[in-house]
Structures are given as structure tokens and as C-alpha cells.
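Student: Protein sequence lines correspond, in order, to chains A and B. Using this note's numbering, read the first sequence as starting at 1 and increasing by one per residue. Using this note's numbering, read the second sequence as starting at 1 and increasing by one per residue.
None of these hints come from the bench; they were simulated from the model. Fair warning: there could be bad hints in the mix.
[Unchecked claim] In silico BS3-like links for lysine-lysine, alpha-carbon gap of 25 Å or less:
1) B/Lys91 with B/Lys172
2) A/Lys110 with B/Lys213
3) A/Lys109 with B/Lys216
4) A/Lys110 with B/Lys216
5) A/Lys112 with B/Lys213
6) A/Lys107 with B/Lys216
7) A/Lys219 with A/Lys231
8) B/Lys91 with A/Lys114
9) A/Lys127 with B/Lys216
10) A/Lys71 with B/Lys216
11) A/Lys109 with B/Lys213
[Said to hold, decoys possible] Ranges of calculated distance between the beta carbons of each label pair, as one might list FRET restraints:
12) A/Lys230 with B/Leu150: 26 to 34 Å
13) A/Ala117 with B/Leu202: 34 to 42 Å
14) A/Ala117 with B/Gly154: 50 to 58 Å
15) B/Thr229 with A/Asn7: 19 to 27 Å
16) B/Leu202 with A/Leu130: 28 to 36 Å
17) A/Gly28 with B/Gly154: 51 to 59 Å
18) A/Asn128 with B/Val157: 51 to 59 Å
Ideal Cβ placement from N, Cα and C applies to all residues, glycine included.
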Amino acid sequence: MLLEVNNINSGYGFLQVLWDVSINIDTGEYVCLIGPNGAGKSTLLKTIAGIVRLKNGRILFNDKEHLHLAKGHEISRMGISYISEELNLFRRMTVEENLAMGAVAIKDKKEKEKNLAFVLGLFPQLKNRLTQISGTMSGGEQKMLAIARGMMSSPTLLLVDEPSLGLAPQLTTAVFDTLDILIKEGVSILLAEQNVHRTLQSTHRGYVIESGKIVLEGKSSELSENEHVKKAYLGIV
Amino acid sequence: MNHLSERSLFRKMAIKLKTPGSLTVVITIAVAVLASLYSGSYIFINTLVMGAMLAIMAMGLALIFSVMSVPNFAHGEFFMVGTLVSYYVFKPFIKITQQTGNPVLISLSPLITFFTATAVGVILGMFLEIALFRPLRRRSREQWVMNSFLLTLGVSVMLVNGHLLIFGTDFKGIINYWPYETIKILEVQTSFDRIVVLILSLCVILIFWAFMKSSKLGRSIRAVSQDETGAIMVGINVDAIQTITLALCCGLAALSGAFLLFMYPSHPSVGMAPLYNSWFIVILMGMGNVGGAAIGGFVVALFQVLTTVYIGEGWGLIIPAIAIAAILVIKPVGILGSPIRGILDK
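One chain only, chain B, in its complex shape (with noise of 0.2 Å):
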């Protein structure tokens, strides 16, 4: 009897193996180890450096297409917002730090600029939602995907010409948060900066998937996602629901940009990259996945370390685009699927 449930729970574990989502994992963490060992375990950490970034943005990018059916394309000018607002935020910090030398004020520094690139993220999203999405909704729901779009890329055009008009061409960038020396993980020199953001970028989606899982808020804005009829039928206010999840979701993607802001300096298309490539994740884990969007953060982020390292800086987009156009040629619904088919099903 005990042999037995044995084996089955054994059976279990294969068949959950063999879901496309853990076979994805398994393989990416394969690549990842085998590749580190190939060439070194720089491979490994850059991977995880970059796939909390992506994995961020893309998060959010899945979450409002979900929520909302927007295609966000002003996605990355938020990660560019999130940089600029830290860059001036910080930059007064480093001229009290370096004359003071207070060490209190230099490990808070950071964190407060953060909370502030955050804040700003938040507002924006809070307001290109009542500003823009909400009329637009009110007046009428026909072609809603393509009308969205159309209004987030003029958002981004907006926004990074807003940023070239005022805040000019120049690279705005520091060389670091915290002036501490680098330090060696897995025999790679890695910089305090690195590792800090990513314990955050960790923190930041473990809290994220947690809020979305258990709490009521989360819950009802997964409602929303999943049926906005059955939301209103049950009391949820949609509108409000849809303002909170923009809102948290810039939020989200301008604190990406301030936690990169040492690697990214700010400039009006930082945002190009982080877009695309979230972008990429999105469509290849399928539209409105967002468990396999944080996932797919970590695939893509390999695509591209792993081809910057074997062919080519050049090649880090293009490689991992044709990659990807592969894959959905076998699986167009994406890696993990979804239940929304078509883009313009929805």
C-alpha cells in the first residue's frame, strides 16, 4: 500500500515535470548551470541580475494587458522615468554623503530614492489612467486594443520627447548607489549595487505574486482579468480595480528603472530595451500570463546573456527575437499558453 502511493506520488511529480511551464524552468536553469560551467559563473549571476529586471517589467506589462486588454508600448518610458526621477533624486545625496561621510545616510540613500521613482511611477500611472484610459473606455469599448495602443505609444512619444525637451540628450547616470567595495560570489567579482538590487528585484516579485495570490486586492483585480462582467456582478468596481493595477504596475516598472539606473543611465530611449525585451517575454509565455511573465524574465534574460557572451554584444536583441519567433512558430499561444487566444479576441 505505502510502495504503492509511492510510485503514484512519484507519477505526479513526472506529470507536473511535464507541464510546458516547469519543463521551461528545468531547461532554462539547466542551460544556465551548464553554461556558467562552460564559461564561467559570470553567465549565471548577469542572468539573474537581468532577469529580475525583466522580469519586473514584464510583469506588469502581462498584468495590465490582462486587466486592462492594453498593449502597453509606454511601458519602458516608465522604466525611463523611473531612472531620470532617481537620478535627480540621488544625485543630491552623493554631494551631502561625500562631504558628511554618514554612513546612515549612505546605505538610506538608495532606499529612499527608490520609494521616490516608485511614488512617481505610481502617480503617473494613477493619472494617465483617469486622463486618458477611463474617457476613452466611457466613450466606447470598439477596437479597445488597437485605440490603446495608439494612445500608449503617443504616451511615449510624449513622454521621452518631454524628457529630450527639458532634461536634454545628455547620459545621466552615477557610477554607483552604495560606495562599497565589490564582492566575490561563485569566484565572480560582483558589485555591491548588483547584488543588493537583486535581493530587492526578488523581494520585490516574491511580494508582488503574494499580494496577487492572497490578498483581497489582489484577488479581485485577478477578477477582474478573468471576467470583467462577473466582477461587477459581484461588486467590484472595475474602474477603481483598473486605476489601482496601471497605477501599481508603472510603479512597478519605474522602480526597475531606478534599480538599474548604475548599468542604465538615464537618457530619453533608455526605455527602448526593457520594453522590447519585456515585450518579447510577454508574447512568449503568452499574452496575460503574469506567473509566466516573471518566469519568462528569467528564459529571455539567458537568451540574451548567452548571446552576448557566445556571438556578439550586437546580436543581444536579434538573436533572442529570432529565438523567440521560432518557438511561437511551434506554440503560437506561447510557451505557457493563456486563455487569451488572439489579441483581438478579447
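Okay, chain A solo, but in the shape it has when bound (with noise of 0.2 Å):
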């Protein structure tokens, strides 16, 4: 197993959002979360990179690492990277700087460079953008410099946060196709997602969340077919 989430609860302070949740996912997989807002998608995500400490419960990564253990910047170290829903670029740095800081874990000098060519080759609109300021750019823009961003790391577990939020169709569409080049590359992917029918046509298997607690889990084909996922995600009835 790649990652293990077992039995964790988390949240913020007093108020807690996940209540003794399991997921697993295995490496190559593309693994997807869906269910309603506030349902904990992000808090799950937020919980695995560590940015939110869990109450208790265990993560592993790999097998070894504990991440519950582990700080933020560890977890990221480890080869975790996570793409938020805010995109936390550093605004007031160029595209290039934000690139940089995205390697800043990364000793090898070659490893960089391969990794810039990479990133770049995957959202050429980047390239002629390298010295703008991050911030002055349009959304789209900065969900793609966030997710190569996120990919300069040379990570092999990347957690997304609804990547198609305020995206124009289009847009969207181009980061789904994105996504699934970087599974092709073999980097393993735990989405959350409010676009439910795009996501179970491209992931390979599913859970949704709702109210905190984990009620369905299976392959995507499966839950696309799934009378509850239908009826409240799809709009079919």
C-alpha cells in the first residue's frame, strides 16, 4: 500500500469534521473523494499533508513512514504534494520562484532541471510566463502553476483539492487531461471533486464521504452505477 489512512479523527480546534475515517491507495492508482460540501473532503486531504493535525488515529506512507507523526514539511519531503484549493502560490514571486520553491526539498541539480522541463512540457503556456509575477495571472493560470508547482518535488502521491473550482469547461477539462498524463507517469492521485461525473469516468476507483464518515467506497465504474450516487452526486433519478 502506498498510503494507509486508518481509523483517524480530525478537525479544527473543538469542532471536529472526520470521524474514524479509512481510506487506502495503492501505487499507480487514481483514486477519487466525492460528497457534498463541508462533507470533509478538504479536511481529509488537508489531515494527509499534515497541514491539519489529526486527533488521532494512523497514517502510513509506504508502509513505514508515520505521518501522523510527521510535520507539514516532512510529510512533504517524504514525496507527498499537496494542491490546495486556496493554490497557496507565493504570490508576489515570478512563476519562476514558485517553481524554484516547489524543488526547494531537492538537492540534485539535475533533478531540478529535469523536473522544470517536465512541468513545462506539460503546460507550455507556462514558458513564456517564467518572469510574471504569480499573483497578476488569470485563474487558470494559477491552478496550473500550482499543480506544477506541486510536481517540481518530483513527488509520488499527489493530493488535489477540487482542481475545477472557477474553472471555465474548458479549462476544466484541460486539468482532467493533465491529471491523467501525470497517472500515465506513474504518480499516483487522491482527488476530491465536485465535478462527479467527469471524475468517475477518468479514476479508477472511489469513496464518498458525507457527514464526516466514509459511506461507499468501490470502483468508480461501480459507484457511477450506484442508485445513491445517481440520485444525489449524478442528478439521475
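Join these two chains into a complex; the hints should help.
Tutor: Okay, here's the thing in C-alpha cells:
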């Protein structure tokens, strides 16, 4: 197992959001997390990434790293890249500096250059914008930059939170296509998404989370046939 | 074609000149030059010496605010610590150099003093972060700005009264660092100390600037100041960066105090005026704007020098404060503005 989340409880201060949540991801798998607003999708990703401290439970990475004991920056250095909903770009730095910061944990210069070439191949639009201040770019470009920055640390697992939020349909498609390419490159992805239809089309497996609890899990093709998912998320009666 | 590109270049320059930052720089230099022509070039020299000191202090203050969201009201006390340490380090040197007259020791001893003062400031800053701010941050980030403000106020009271208790109220000063003749610059007799300290301060500002701009550590510091969560996401140890930032800035404040020991003899509340002035600067130029703070140092220094010369010594702090209040009425976020709109937004 690449990632094993065992019975975690997590939340903000006295407010508990996740109740006894368990999920797992195999190497190379493309797993989605679907659920309504406020169900705890983002909190789960943030807890795995170490941005939110968990109350109890265990998270294992690569069968040996105990993520529940690690700090946020250590988790990132283990090879987990988290791409948040708010993107958390360094808004007053240039695109190039943002990408360089993405690879801040990498010592090897050659690997850095390789990663830079890879992400610029993935997003050719960023190539002409290297000297632009990232905060002045459009929403779609910022999202691309966030994904590119996340890929700069050569991660094995990508946690992506609502990549389609606030994007035009065409750009949404482009983002999903990019994620498909990354899966082919051997990266594993955990995707939290509201665009359930498109998500279930491209992912391998999925979890449905409601009110902080996992209520359903299964292959994406099976989930899209499930009556509950059809009714609540796909709008098919 | 060539003609056209030349014109657009001019237009670009004109646009660049219209930004508030460059406008401020141009106006400041113009006023300083005019005043110097009118009343003598000592205005220019004084503004530079004082401006460099204020710039170093204010840059540290702005950086602490932007990286840690701490409004540091103990910053002046690090200036005080700098003067105190350098006094006690330098005094034995005076005795030795007076007895031996060793020219190497004469020229080197102030540098050793500056280094020691900076080191003490750095260690104290590090201690402050690890012993006080870190536990507070662990406990809760609620009302962080207010809580950390009160914490720095407490540190300030402790340091001032610690000085009072151990070293007393005496003015502990020196006549000069380098016992050399004054030098005539632009028809002003300027002491050797002033010139060397001015050059050293400008070097410190430039090195600091280059460090923040292009070193890996400097870039990580800027990253934490722009987005803390983003910094964690890319694998930056935010705790370490905050410790380094506070240590660095306290070191700079102490260095500033050490530089100016010959102008400001050490006593418990010597840090008051530099503290107020650097807060003027930071508020005037925009909270958390480090580059702006460097420029602002010279702007506020000019304000003060002009007030002292044309209105009177006692008005030195009052008139600049009024002028700054007036500017802030027109531009509430400060001349250069800043990404942090209100102190409690962050």
C-alpha cells in the first residue's frame, strides 16, 4: 500500500470534522473522493498533508513512514504533494521563483532541471510567463502553476483538492487531461472533486464521504451505477 | 522602427517613475538636495547617516511582521542591547589601545565589537522565538497579533528594567570608535566614525537585500511571509524559518545600536526613539513591506533632520508624526501599499 489511512479523527480546534475515516491508495492508483460541500473532503486531504493536525488514528505511507507523527514540511519531503483549493501560491514571486520553491527540498541540480523541463512540457503556457508575478495571472494559469509547483518536488503521491473550482469547462477538461497524463507517468493521485461525472469517468476507484464519514467505496464504474450516487451526485433519478 | 521603440522606452520609464515608490524616492532626494543647497550639505550627510540606521531597524521590523505577524515592540530594546554589549566589549579595547597604540588593534577593535553585538542580538532573538513565540504559536493562533504584541511589550519592559537593575541609569558612551581626524566632505567636517558607519550600514542594507533576493534561505523567508501554508506544502520548515528571521532581525537591530554607540550612549531607554521611528517608517511605507522600509528609513530621517534644522530640536519626533498621519489620511495602506490591508486581516 502506498498510503493507508486508518481510523483517523480530525478537525479544527474543538470542531471535529472527520470521524473514523479509513482509506487506502495503491501505487499508481487514481482514487477520487466525492461528497457534498462540508463533508470533509478538504479536511481529509489537509490531514494527510499535515496542514491540519489529526486527533487520533494512524496514517502510513509506503508501509513505513508514520505520517500522523510527522510535520507538514516533512510529509512534503517524503514525496507527497498537496495542491490545495486556495492554491497557496507565493503571489508576489515570479512564476519561475514559484517553481524553484516547489523544488526547494531537492538537492540534486540535475533532478531540478529535469522536473522543470517536465512541468514546462506539461504546461507550455507557463514557458512564456516565467518572469511574470504569479499573483497577476488568471485563475486557470494559477491553477496550472500550482499543479506544476506540486510536481517540481518529484512526488509519488499527489493530493489534489477541487482542481475544477472556478474554472471554465474547457480549462476543467485541460486540468483533468493533465491529471490523466500524470497517472500515466506513474504518479498516484487522490482527487477531491465536485465534478462527479467527469471524476468517475477518469478515476479507478472512489470513496463517497458524507458528514465526515466514508459511506461508500468501490470501483469508479461501480460507483457511477450506484443508486445513491446517481441520485445525490449525478442528478439521475 | 527604432524611433518608435525609443519612444516606448521613454514611456515605460515615465510609467515606472509614476509608481508611488519611485516618486517618493525622487521627491526625497530632491528635497534633500534643495535643503542642502539652501542651508549647507550637512543636511544631506545627517540624513544619510540617520537614514541608514533607521533603514536597518525598520527592515528588521517589517520582516518580522511579514514573516511572523508579530508587531515587535521590543525592537528598540535590541538596539539598546546592541549599544550595551558594544560598550562593554569596546571599553577594554580603549584601555589596551591607549597603552600600546597598536594601529591594527585600533582599526580592528570596533569591527570585533560590531560582530559581538550582532551575535548577542542573534542569540537573544533566537532565544525569544524558541522560548516565547513558539509555545504561544503551538497553543493557539487565535488573536495572534494582539497576544504577540503584548508578549513583545513584556519583553521590552523586562529588558529595560534588567538594564536598569544590573547596569544602572548611567549614560554609558564612548567618544569615538576610531580616534582619527575629521574628514571634510562637501564642506562639512564629518567625523571618521560617521563615514565608516555610514558605509558599513549601506553595505549591510545591500547585503541583506541581495540575501533576501537571491539566496535560497532568503527566498524561503519570503515564501513563508507570502504564504505560510504554501511554504509547508513545498517542504519548508516554517518553525526554523521563523526562528532564523527573528534572530536575523534582532541581530540587525543590535548591530544598528552598536554602529551608533558614539551618537547614542547606552542607557535603559535608548531604544525608544529608534523604535518609534522605525514604527513610523513601517506604518508610513506599508506594513510588512521590507523594501519600502529601507526607502522609508531615509524619508523619515529627512523629515527629522529638516524639522530639527528649521523648527527646533524638540519637534524632532512630533512634526514627522503629524506629517505621517496626514499622509496616511490620504493613503491608509501606506505609500507603497502592502498586501496586508489591516493589521488584523492576517
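Student: State for each hint whether it applies.
Tutor: Each hint, compared with the structure:
Proximity of B/Lys91 to B/Lys172 is assessed by CA-CA distance (about 10 Å); at most 25 Å being required, the pair is judged to hold. Between the alpha carbons of A/Lys110 and B/Lys213 the distance comes to roughly 23 Å, so the proposed pair stays at or under 25 Å and holds. For the hint pairing A/Lys109 with B/Lys216, the CA-to-CA distance comes to about 13 Å; that is within 25 Å, so the pair holds. Under the criterion of a C-alpha separation no larger than 25 Å, the hint pairing A/Lys110 with B/Lys216 is consistent with the structure, at around 17 Å.
Simply put, A/Lys112 and B/Lys213 have alpha-carbon atoms about 20 Å apart, close enough for the 25 Å limit, and the pair holds. At roughly 11 Å between alpha-carbon atoms, A/Lys107 and B/Lys216 fall within 25 Å of each other, so this suggested pair holds. A hinted pair counts as satisfied when its Cα atoms are at most 25 Å apart, and A/Lys219 with A/Lys231 qualifies at roughly 18 Å. With a CA separation close to 57 Å, the supplied pair B/Lys91 and A/Lys114 exceeds the 25 Å bound.
Note on A/Lys127 and B/Lys216: the hinted pairing holds, with a Cα-Cα distance of about 22 Å set against a maximum of 25 Å. Distance restraint check for A/Lys71 and B/Lys216: the Cα-Cα separation of roughly 21 Å lies within the 25 Å cut-off, and the hinted pair is therefore satisfied. Restraint check: the Cα-Cα separation between A/Lys109 and B/Lys213 comes to about 20 Å, which is no more than 25 Å; the hinted pair holds. Checked against the hint of 26 to 34 Å, the pair A/Lys230 and B/Leu150 fails, with Cβ atoms roughly 56 Å apart.
Between A/Ala117 and B/Leu202 the C-beta distance comes to about 41 Å, which sits within the given range of 34 to 42 Å. The hint said 50 to 58 Å for the Cβ distance between A/Ala117 and B/Gly154, and at roughly 52 Å that hint holds. In this structure the supplied range 19 to 27 Å holds for B/Thr229 paired with A/Asn7, their Cβ-Cβ distance being about 26 Å. Checking the proposed 28 to 36 Å range against B/Leu202 and A/Leu130 shows it holds: the Cβ atoms sit about 32 Å from each other.
Evaluation of the 51 to 59 Å hint for A/Gly28 and B/Gly154 yields a pass: the beta carbon distance comes to about 55 Å. Between A/Asn128 and B/Val157 the Cβ separation comes to about 55 Å, which falls inside the hinted range of 51 to 59 Å.
Hint violations for this structure: numbers 8 and 12, all remaining hints satisfied.
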